[in-house]
Each structure stands twice: as structure tokens, then as C-alpha cells.
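Asker: In case you want the letters, here they are:
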Amino acid sequence: AQSVTQLDSHVSVSEGTPVLLRCNYSSSYSPSLFWYVQHPNKGLQLLLKYTSAATLVKGINGFEAEFKKSETSFHLTKPSAHMSDAAEYFCVVITITGTASKLTFGTGTRLQVTL
Amino acid sequence: DAGVTQSPTHLIKTRGQQVTLRCSPISGHKSVSWYQQVLGQGPQFIFQYYEKEERGRGNFPDRFSARQFPNYSSELNVNALLLGDSALYLCASSWTGGRFEETQYFGPGTRLLVL
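For the record, the sequence lines run as chains A and B. Add 215 to a position in the first sequence, counting from 1, and you land on the number used in the numbering used here. Add 322 to a position in the second sequence, counting from 1, and you land on the number used in the numbering used here.
Since the hints were derived computationally from the structure, they do not count as laboratory data. Virtual Cβ for every residue (Gly too), placed ideally from N, Cα, C. Treat the hints with care, since some could be wrong.
Each pair of labels, with its calculated beta carbon distance range [as the list claims (entries may be wrong)]: (1) LYS335(B) <-> THR312(A): 30 to 38 Å; (2) ASN401(B) <-> LYS284(A): 40 to 48 Å; (3) SER387(B) <-> SER227(A): 36 to 44 Å; (4) THR232(A) <-> LYS335(B): 38 to 46 Å; (5) LEU437(B) <-> ILE275(A): 34 to 42 Å; (6) GLY350(B) <-> GLN260(A): 13 to 21 Å; (7) GLY338(B) <-> HIS297(A): 45 to 53 Å.
Same shape as in the complex, but just chain A:
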């Protein structure tokens, strides 16, 4: 079964400093991985996705993630945090069974950005 583990439930950074949100995956085949962001009382927005092309994936709002097969990791980074980045972030793996697909979410990392 496909699964993801988010290593930190809460991360706090100062505005202007780098962001690192960690995610490890478990998969019996080459996975497709996503990062979604959820702002308070809002739906989920796709930040970026990895689908076995380039291992360094660039997303929206300056975020990027690197797929590392040797470490089974897909960490999310941003060089400089902004107050508007404060939100819940989910690492997600997709599972295809026959003609069906489902997203399996990690438990989430709450990013706090302070002045």
C-alpha cells in the first residue's frame, strides 16, 4: 500500500527565513506525489506534483520539492517565508487500482510564520 509520513506536525519559522517541511513515502512502485496547502476554512490547493519526470519540482508561490528515491523523501522547501504562507500543508501520494485513483494524505504540517 502507498503511504506518506509527514515528520513534523508543526513548524514555526520567522518571516524571510527558509521553510522545510518533511515528507517520507512508502511505495511498491515509482510513486506520484503531491503537496497541497489548506488555508484556514478553505479547500485544498495544489502546490506542486511529481510524476517521474524531473526530480526537482517547482510549484506555485516559490515552493519546490525534490524527489529522492534513495531516501524515499519528498521534502517541500521555500527560500524565504512570507506571512501568507501560514497554513496546513499535506503531502499526498496517489494510488491507482484498476481504473480508480485515490489520494492518500499525510497527517499534515501546520506552518506558522512569525514576524
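Fit chain B to the known structure of chain A by using the hints.
Answerer: Quick look at chain B alone, frame taken from chain A:
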């Protein structure tokens, strides 16, 4: 283009009642998936529909049912509501729902409170 829309935005029910939640996918998308997000957790897969057929079902009791209409909109029904059904219910749409590289786009959700 309009994104995924869901109605109602909020709902309060009492135990034992039944509820119907509605979702309209992005124009052109033929697949709709439903997810349940309990407070403080990541979303959990409930159903996936494509061309009015159920493609996949998560680990939810038979009290949960869904259907998809010819215009690709969908309804999620929950019977005999329990307190534990209180959650944010998210709808996601995609073109076919059956490919690794395909993005699922989420609506804002319906927040259900069961008293």
C-alpha cells in the same frame, strides 16, 4: 472558469438524521471524488465516480452512499448520522480520475456538524 463548487457550505444536523451534500465539478471534468476531513487530520477517501459509475470506495460504512449525474455533478448521502460524522466533506474533480499524473482539484468543502 469556475472551480469545483459545493453546497451547502455549512450544515447542522442531529444524530439519526440524513444529509445530502452536492458537488459540481470543473467544466469538462468527468470524475468526482469525495473525501472526509475530520478536524486535525488529513482527508480520507470516501468514493470516486466516473461517468456515473462508482470506481472506488474507501473504508466507510454503508451509511455513506453517492451518485453521479449525467452532467457529472455528484451527491454524497449520509444516513443515520453519528456524532463522529462531523467533519469537512471535500469534493475533488479531475478529467478521468484514473491516471497517475492527473491533478485532482478540490472544492471549498461542506462543513457538517452533527449534534
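Asker: Taking the hints in turn, state whether each one holds.
Answerer: Evaluation of the provided hints:
1. LYS335(B) <-> THR312(A): 30 to 38 Å: 32 Å Cβ-Cβ, so the 30 to 38 Å window holds.
2. ASN401(B) <-> LYS284(A): 40 to 48 Å: For LYS284(A) against ASN401(B), whose Cβ atoms are near 45 Å apart, the range 40 to 48 Å holds.
3. SER387(B) <-> SER227(A): 36 to 44 Å: Holds, since SER387(B) and SER227(A) (Cβ atoms, about 42 Å apart) stay within the stated range.
4. THR232(A) <-> LYS335(B): 38 to 46 Å: holds (44 Å)
5. LEU437(B) <-> ILE275(A): 34 to 42 Å: holds (38 Å)
6. GLY350(B) <-> GLN260(A): 13 to 21 Å: holds (19 Å)
7. GLY338(B) <-> HIS297(A): 45 to 53 Å: holds (46 Å)
Checked against the numbered hints given earlier, the structure satisfies every one of them.
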